[in-house]
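Asker: Given next are the chains, with one letter for each unit.
Number of protein chains: 2
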Amino acid sequence: MTDDEERLARAALSRLTEPGDLSMTPLVHEFGGAVMHRRLLEERGLPRIFASIAARLPSVDAAKELDRAARLGIRFVIPTDVEWPSQLDDLAGAEPLQNRGGVPIGLWVKGPVRLDGLAGSIAVVGSRAATTYGDRIAGDIGAVAAGAGAPVVSGAAFGIDQAAHRGALAGGGPTVAVLACGVDRIYPKAAEVLLTHLAEVGAVVSEAPLGCSPHRIRFLARNRLIAALTCGTVIVEAAVRSGALNTANWADRLNRPVMGVPGPVTSAPSGGVHQLIRKGAATLVTNGQEVLEMVGSAGEHLVDDPRGPVRSRDHLPVKEQQVLDAVPVSTPAPADSIARVAGLAIAEVGSMLGRLEGAGLVERHDHGWRLAELART
Amino acid sequence: MTDDEERLARAALSRLTEPGDLSMTPLVHEFGGAVMHRRLLEERGLPRIFASIAARLPSVDAAKELDRAARLGIRFVIPTDVEWPSQLDDLAGAEPLQNRGGVPIGLWVKGPVRLDGLAGSIAVVGSRAATTYGDRIAGDIGAVAAGAGAPVVSGAAFGIDQAAHRGALAGGGPTVAVLACGVDRIYPKAAEVLLTHLAEVGAVVSEAPLGCSPHRIRFLARNRLIAALTCGTVIVEAAVRSGALNTANWADRLNRPVMGVPGPVTSAPSGGVHQLIRKGAATLVTNGQEVLEMVGSAGEHLVDDPRGPVRSRDHLPVKEQQVLDAVPVSTPAPADSIARVAGLAIAEVGSMLGRLEGAGLVERHDHGWRLAELART
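Order-wise, the sequence lines are chains A and B.
Using the numbering used here, the letters of the first sequence correspond one by one to residues 1 to 377.
Using the numbering used here, the letters of the second sequence correspond one by one to residues 1 to 377.
In case anyone wonders, no lab produced these hints; they're calculated from the structure.
You may find that some hints are simply not true.
[To be verified] Facing chain A, according to a computed beta carbon distance under 10 Å, are these residues of chain B, among others:
1) ASP21
2) GLY45
3) LEU46
4) ARG48
5) ARG56
6) CYS212
7) ARG218
8) VAL265
9) ILE277
10) THR283
11) GLN321
12) ALA326
13) ALA342
[Stated by the list, open to error] Output of the computed footprint for chain B on chain A, the stretches with three or more beta carbons under 8 Å from beta carbons of chain B:
14) 120–132
15) 209–220
16) 267–278
17) 284–290
Beta carbons are placed, not taken as given, at the ideal position from N, Cα and C, and that holds for glycine.
Here chain A stands alone, though its shape is the one from the complex (with noise of 0.2 Å):
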C-alpha cells in the first residue's frame, strides 16, 4: 500500500459514507481504507449495507475528486499524514450516541492552520437563537482563549459560534469551524464572510466530501468531532433540546471536560446549561480564565477566585471586633458607654481600646472614642 494508494481509498469511501456511520467508520479505522476499498469490490455476499456502496464504489473517480479540491485548496487529510489531530482517534473507544460515532475516514480542509496544532484547543457552542449577552460572553471567551494561545474550533453556525469564531479572530488566535456540509459549501449563507475569512486565515473542516449538503443527522456527525478535536467544551447558551448539547454529550463520552456559562434563569437559551451544571454534568465558568484553567494541564493557566477587599478589622479578635462595632463613626462616645453597647465589661473595653488605637483603627478625643479613618470602611 502506498501513501496515494490509501488517500485514494479513503477519498473514495468518505464520498459514500455518511459521516460517523457506524457500519463502515470503525472498518476503515481498523483495517485501512485501501483494505476495506479491496474488500469491498472483491469479496461477494457482503451484508446489504456494504453491498449498496460497493455498488456505487466503481462510479467514484477518487482522483478527480482529490484533484479537485485540490484546485479549490482544499486538502483531504488522514490518519497517516502527519497533519492528524491524534485525538481524534479517542473516538474508536468512545460509545456511540444517536448512532453516529467512529473515527472519521478523512477531513477535508481548507485554510492555513494546521490541523495537529489543535490539541490544546477549545470549543466554544451554543445556541443559534443566542442573546446580546450569549455572543457578548462567547466572544470574551473566544478572544480570552485565542489570546493565550488556544485555538477555538465552533461550527460557525449563527449565534454563539461565530460570536465565538470572531472573538478569536480579535484576540489575534487561530479558530477552526468544523461543518456539517462540504467545506467547498457556504453553509449558512449569511456565514460567507466568516467561513471565506476562515478559510484564509484559520481552518474549515468537515468530514463530509465536498458538496455535501448539511442534513440534520450530519450535524449530529459533526459535533463529535467538535468535541474530540478539542480538550474541552465551553457551552455558552443551549436551549433545553439544542444541537450544542449534544456536542456536550460527546464531550463527556470523551472524557473531555464539559463547561457551561449560566445567565438570568429567565432566559430560555440559558435553560439547557444550566440543566446541564444542575445535573453536574457541566462545570460552571463566568469567563475564559476559568475555561483556560479547566482545560490546561495543572497548574498553567490557574485562577485565583475572585475575593473582595481584606479590611484591616478582619484580622482582630472576636472581642476586639465587638469593640470596634461599638465604637461611633463620627460623635466620640465614653468607653463605658462603648462598653455596654458591646455588651462588654468596662475594664475589659478600656485596654482593648487602647490596642486598637495603637492599631490606628479608633481615635481617642475629649470626650471618648471613634472610629479612625481606616476602620470606616
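Assemble chain B onto chain A, guided by the hints.
Answerer: Frame of chain A, contents of chain B only:
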C-alpha cells in the same frame, strides 16, 4: 429546677451573652441555664470571660425583662418548650465559623407562627444590593415555597431577603424573619411596614435580647440560625463577599442542602453564587419547584426535567431520517434525486419513501416527493 427558674436563668444569660458566643452557649446547652446561672454566681476563681458575666449577673432583672417582653407581645422560647425548634440542636455538633456557633440560649419571638412548625422551612437569602432580576426570582421562589406549605425564613434585609418574605406572603404561606438585633427594634428602619406585618402574620425572631442593636458579628451569629432553622438554604444573589455566603457556609456545616440561583456572569451580585456552584458547594436551581425537590424527602416534589418537544421524525431509524432530510419541503423531487442527495442507493430509497408515506411524513406527487405537513416542524 422549675420551668420558670430555667426560663429566668436563660433570659438573664441571654442579656449578658453575645449571640453565638463560643464560651457560653455550649455550656448552657450542656448543663442548662439554671445550673450555669447558679455556678456563675457561686463559683470563685472563674476564668476571666465568665467572671465578667458573673459580675454583671446580679444587676439583671430577668423577671422584669420577660415581663416587658410579654407586654410587647414577645415570648422567650427555650429548649424545654414544646415550641423549641429541635433542628437548632444540630448546632451543638457543628464546627464554629468566624468564632460564632452553638445552640442559642433562647429565642425572642414575636408573631403567631410557631417555631416548632419550621422543620420543613426554606431559607431564601441574598444580597442587599439586589438587582430587579434577583428580587423577582427571590419573590418567585418565596411564593412557590410558601404556596407548597414550606415556610420561608430570611433576614428582613433590603433586597433578596425582603423580596423572599414578600413572595412568601403573596404565596399565602408563613414567613419568618430572623434578626441580628432585638425583635423590638426596627432594623433596617425602612423595613418597618414589612417587619410590623411579619410580627402580625408570621414571626420575627432573634437570639439577641430586647433593645440590642444589630452589630456586624451579630449578623454572623444570626446567619447560623437561618441555616439551622431551615432544611435548605437558597442563595439568590450574593456578591463575592456577601453575608449570604456565610449563611451558605453554615448550611453546609449543618449538612443542609445549599442551592444557588445563577444570573448573568456580567452581574456582580451573582458572582458569589457562581463561585459556590463552581466549587460544588451549591447546587444550581432555577425555580421554586427545583428548590422544593432538593429539600423534599425522596420522591416528594419531584420535578420533571424540562424537555423540548418530541418530533415524529425522532423515532425513525437513522437511514430513514437521512432520506427524510433529503426530501424537499415544497417542490417535489423524484426518488433518484432524493437518493443522490441522501447519499444512498436508489433501490433502498424507493422502499423507504413508501414507508415514510405510510407514516404520513412525505407526500407522493406527480413529479416526485415532498415533505408532508407533519414532517415540516
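Asker: With reference to the structure, classify each hint as holding or not holding.
Answerer: Hint check results:
1. ASP21: holds, 9 Å
2. GLY45: Because about 17 Å separates B/GLY45 from the closest Cβ in chain A, which is outside the 10 Å limit, the hint is violated.
3. LEU46: Where the cut-off is 10 Å and the nearest Cβ of chain A is about 13 Å from B/LEU46, the hint is violated.
4. ARG48: With a minimum Cβ separation of about 8 Å from chain A (threshold 10 Å), the hint on B/ARG48 holds.
5. ARG56: holds, 7 Å
6. CYS212: For B/CYS212, the interface hint holds, since the closest Cβ of chain A sits about 8 Å away, which is under 10 Å.
7. ARG218: Interface hint status for B/ARG218: holds (8 Å vs cutoff 10 Å).
8. VAL265: holds, 4 Å
9. ILE277: holds, 5 Å
10. THR283: For B/THR283, the interface hint holds, since the closest Cβ of chain A sits about 7 Å away, which is under 10 Å.
11. GLN321: With a closest approach of 6 Å, the B/GLN321 hint holds.
12. ALA326: Holds: closest Cβ of chain A sits about 7 Å from B/ALA326, inside 10 Å.
13. ALA342: Holds - the Cβ of B/ALA342 comes within 10 Å of chain A, reaching about 8 Å at its closest.
14. 120–132: violated (count 0)
15. 209–220: Result for this restraint: holds, n = 5.
16. 267–278: Since 6 is at least three, the answer is holds.
17. 284–290: holds (count 5)
Violated hints, listed in ascending order, are 2, 3, 14; each of the other numbered hints is respected by the structure.
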